[in-house]
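J.: Residue numbers (our numbering), protein chains in the order written: chain A, 1 to 502; chain B, 503 to 971.
Hints are supplied without guarantee of correctness; some may be wrong.
[Claimed, not checked] Residues from chain B that face chain A, not an exhaustive set, calculated with beta carbons under 7 Å:
{"id": "1", "residue": "Ile-551"}
{"id": "2", "residue": "Arg-632"}
{"id": "3", "residue": "Glu-637"}
{"id": "4", "residue": "Asp-778"}
No lab work stands behind these hints: they were computed from the structure. Where a beta carbon is used, it is the ideal one built from N, C-alpha and C, also for glycine.
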Amino acid sequence: MRTDVNGRNALLLAWAVRSHADGRTLLLEDTAARDSARQYPGTDEARLLHWLVQSDAARRLQPSLDLARGTGRALAFVLLLFGALGGVVAGASALQTGAAGVVDIPLAALGLVGVQLLFLLLWLLVLTVAFGGGGAGPDMGRGWPGRVLLFLLERVARVLPGSDEARKDRAASSAAVVGLLGQGRYGQWLLGGLTHSVWLAFSLGALASTWLLLVTVQYDFAWGTTLLAEDTAAGVLAAVAWLPGLLGLPVPDADMVAASRLGAAGPEAHRQVWAQFLLWVLIVYGVFPRAVLALACGLAARRSGNRLRLDQGHPLFQEALIHLRREQAAQAPLGERPADVLSRPRTAPQHRRFGAGDYFAMVGMELDRDDAWPPQGSGWQVIPMLHVRTRADIRTLLSDLQALASPPRFVLVVASLVRSPDRGATDLLTDIAGAADAPVLLVLAEAALAEERGVDVAQREADWRERAAPAGVEAVMTADWDALQAMPQNRLEQCLLQAGVA
Amino acid sequence: MGTELTSALELRLVVAGHTNVGKTTLLRTLGRSAEFGEVSASPSTTRQIHPLTLVSTPELRVTAFDTPGLESSGRLRELLEQETHGRHDRPAVIRQVLDSAEAREHFEQELRVLRQVMDSDVCLYVVDAREPVLEKYLDEIFVLALCGRPVLPLLNFTATPSSREQQWRDALAKLGQHTVVSFDAVVYSWEAERRLYRNLCTVHPRAEAALEGLIRVRGEESDWRLRGAARALADALIDLAACEDTAPMADAQAIDAAVSRIKQYAREREERLVQDILRAFNYAPEVMGQRLHSDYADGGWRHDPFSEDTLKYYGIRSLGPIAAGAATGGTVDVLAGGTTLGTGVALGAMAGLAVGARSAMRRAHRKLVSKRETLCVDDAVIRLVATRNLQLIASLQSRGHGSQQRLEPMAPGDMTAFRRATPRPLLQARDHHGWSDYPSAPAGSSAGREQTVERLQQQLLEQLRRSQG
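Input sequences plus hints: build the corresponding full structure.
T.: Here it is in structure tokens:
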């Protein structure tokens, strides 16, 4: 497999698969590649790319991707060739700007570097707008260059022979090339690099033809103006010569300029200096800036290309991620499953008879409302005991229960449906039954509060009933605070009687 | 495993707490997995240690461990206090206790938790902040702290009105636990999750690199989720805007049949859309779909998109029988059960007129030459689909994966899509019948569609981000 997980080729493949008419089937139904991706250590992106490069889709699409890229490269080469040829023609034309054998210096300079400097200015302007104003410059993916490229690639894909499947593959690959170029600023830098390279080829072509002609043919150099003042025209030439002069290159001085005026001493004067001047103008204003910019754009494109990421937001890859993550959630638990906590309760006392006392004892257990304790029942013969919330409370409670002169008829324990019946609670119920030596009636209160918290109250009540029985509780009932206070004592006892307490 | 991390970028995080405080719920949310573990109102639902990989790359591996609930910490504390009294190397004593037969018999569940805490780097102690500060919870923190690992209390369910967050913070401060993090596993926020990881850095500075890595990965995932959902919505809206059908003008039955086809397509396309949105948020649609939203049942929205009542419910003004091409008087819109049939009106100042010109001419040609009516989905219906699914995305953004609650619809008028004008990508889609996957649609340029979907996706993302402030 030529693709590697982190390479641009893998991203290109991802674009091709998502653009392919059968992309979903090609990727998601390749279970072998999916299983391999599940084992692959890495981020979601790395695992998705691994899935892609290992899939049959990669093997199927690679030839058409190579073709699309090859077509793109061929187009770029043709453009470079045209640029170079254009330069050769421009160079030759620049030396034919005056009368026979006489080169018009300003026109020659304009022909060699004027147009490309204008385009360079435009490019800089677009770049400033794109980066400074947040707008988009020419975009190889989404803008007109992208559309042109896509049009050309699609035409190539269509005219080539092959089956329907091959055409689908080529269409997806064309879309992938254009799509990838549209990511971030990658395409923009690439387009910038290409245009500067074309102009570089133009300048080099022009340099070559100009140099060749200047070596083999004798030209005289002159300048003239009809509309401008002489000083102004001479000033323009001096301005063009300023930068080469700054770089220490041979440039004509004021006397040479004056001597080359049409109708002056003669256009043949200082022909070697003027020839060198033209060549250096081409290098300084054409070759050098384009070479630097082509290199800079190439480096920027490479940097942007390295930052390209897989678009995990695409529905196909979102669906693929679901398949990958299922495995993650399904890890086996550690250690053996413990025995059911309910199967090993502490030995709980059973009290099938009411206690000898003529009162009952009342205990609160971790209620939310501790300010209302104890409930005030009418006609109750009750000894209200603690509302238990701490270990110290438990010790005091058990001690108080044991200290009672005679066991109460029963113990009423009020617990909250907000809390689940944990082992601490069931242990406490067992301890209460033992210490009081009397049957225990468990009242589950605060159902409304539990509901408010989203507790499944029916399930919570069932859990309490299930755990209370082995903990020594004889009967369980639910009642809110007011209902409990309104309940006569015999109704409470009735509950225990119904549970078989005599 | 000891106090040293196995490598600079590996972290084992144990989640402990009383039974039914939402440990598994928390891990579902942190792990973005609604299927992890088992959640119920009954105690001891989690009976074993369940590992959950939060991130696993060659450079970084963070694993969380779900543990059984602590149920009998008071007695265990008394036992451990007795054993560790006057001893400085408490973890060594705890290891001895873990091996004793007596302790194993009485505290099997608790000892499993302590063993896992000692095998991990840091412990997250989960508190149900709605609970009163009971001694048994404080005992649990005490017992966990004896294991010699950093313990970070996490207050869960803090977004509810009955939260006792401040009481808990005061009580924990008295125990010396000044670093406490609030994180509601049901009402999710990425900011809160990031704060949680930063607080873990505070209590366990050596794990900073791993936690920073986790924050980075999670941040990227959060962004991808939103982009994925917005992309799915943009995809569906382009499909709906581009789809059209035709029928002979003189054949009322054929028109009715075409209306039915296009309505059926729109309903099914929206169902697929919801599935894609759920996938983007890492919910398995077949599981989550059943308990998604109070307006959602059997894989679809209860309120039919072609009902005027639904439009009113979502605060969308019916635009009447207009759509691209109506200027020619030749378009029949699929709205309100076909009640607008035959009432094509001039479009006037509709923004998309210029863009839709090609489409309008095609339709006019059909009407005048082929004597066929063109049917498409009305802008109001597309706005409805956009609005309620934007609301769904926004709701899922703030829903923890551990939540068991159904989502509720937003108030009418909230997050209404395309309030000012129909977006340009949708107007362009009107011109490209081939961009829809409607059964009779011709093949269209996938690249052109792709670019249009991306532009619409950006607009939807902007609206979602604006709504989140």
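J.: Look at each hint and say if it fits the structure.
T.: Cross-check of the supplied hints:
no.	hint	result
1	Ile-551	holds (4 Å)
2	Arg-632	holds (6 Å)
3	Glu-637	holds (4 Å)
4	Asp-778	holds (5 Å)
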